[in-house]
Amino acid sequence: ENSRGLMEGYNSLKICNIKGVEISTLLDFDNSRISIAQMATFSSDSEQVVTGGEDGVVRVFKIDGTLLNTLTGHSKPITSVAFSRDNQMIVSSSEDKTVKIWSSNGNLIKTIEYSDKVNKVSFSPDGKTLAIALDNGEVHLLNVALDDLLSKACELVGDYLENNINISKEDRNLCQGIK
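Just add 10 to the spot in the sequence shown (first one is 1) and you have my numbering.
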């Protein structure tokens, strides 16, 4: 009875329990300012839903239907949306041949451009890798694990930070203890 699912109607996107009883309405498409959602997915804790629309806009809702964030930046319809396992990142792809990685508070972290339409994005179960499927059949894997990226960055600049006399004493220790 507490299980939740998404139901798409012709003019709305609703959260319903396992019996089909509506819990909340996320989008009502009778309002012409809101485009029809192409897809929707839950956060791993089932407390939020992210949707992608024909208008190129990604929207994040609380489960009660409250709009949390409107993420703009795509120029064509959204093809896929996903939450990271820890719910700290949201990723969106679009017919505009881009993937956008957003922080959970709605800030754009990175835009990745491709030469073909991006069909699908998905995080690995451990949340460290992002799979990106292109329309030409290619699949790209992107490391999004912060610990791994920090370690690689410190490998590249660690000696510079420790030995450069123009760097403050505090900054010289930025990579200490990072392996």
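Careful: at least some of the hints might be erroneous.
[What the hints assert, rightly or not] Here are the computed lysine-lysine pairs in the DSS-like style, where the Cα-Cα straight-line distance is at most 27 Å:
(1) 138 <-> 127
(2) 107 <-> 86
(3) 127 <-> 107
(4) 130 <-> 86
(5) 130 <-> 179
(6) 138 <-> 120
What the hints contain is simulated information worked out from the structure, not anything from laboratory work.
Hint check results:
With a C-alpha separation of about 23 Å, the suggested pairing of residue 138 with residue 127 holds against the 27 Å cut-off. Using a Cα cut-off of 27 Å, the hinted pair residue 107 and residue 86 holds, with the two alpha carbons roughly 9 Å apart. The suggested pairing of residue 127 with residue 107 holds, with an alpha-carbon distance near 4 Å, which does not exceed 27 Å. Between residue 130 and residue 86 the alpha-carbon distance is near 15 Å, which keeps this suggested pair within the 27 Å criterion.
Among the hinted pairs, residue 130 with residue 179 is inconsistent with the structure: their alpha-carbon atoms are about 45 Å apart, more than 27 Å. As the CA atoms of residue 138 and residue 120 are separated by approximately 16 Å, the hinted pair is consistent with the 27 Å bound.
In the structure shown, a violation is registered for the earlier hint numbered 5 alone.
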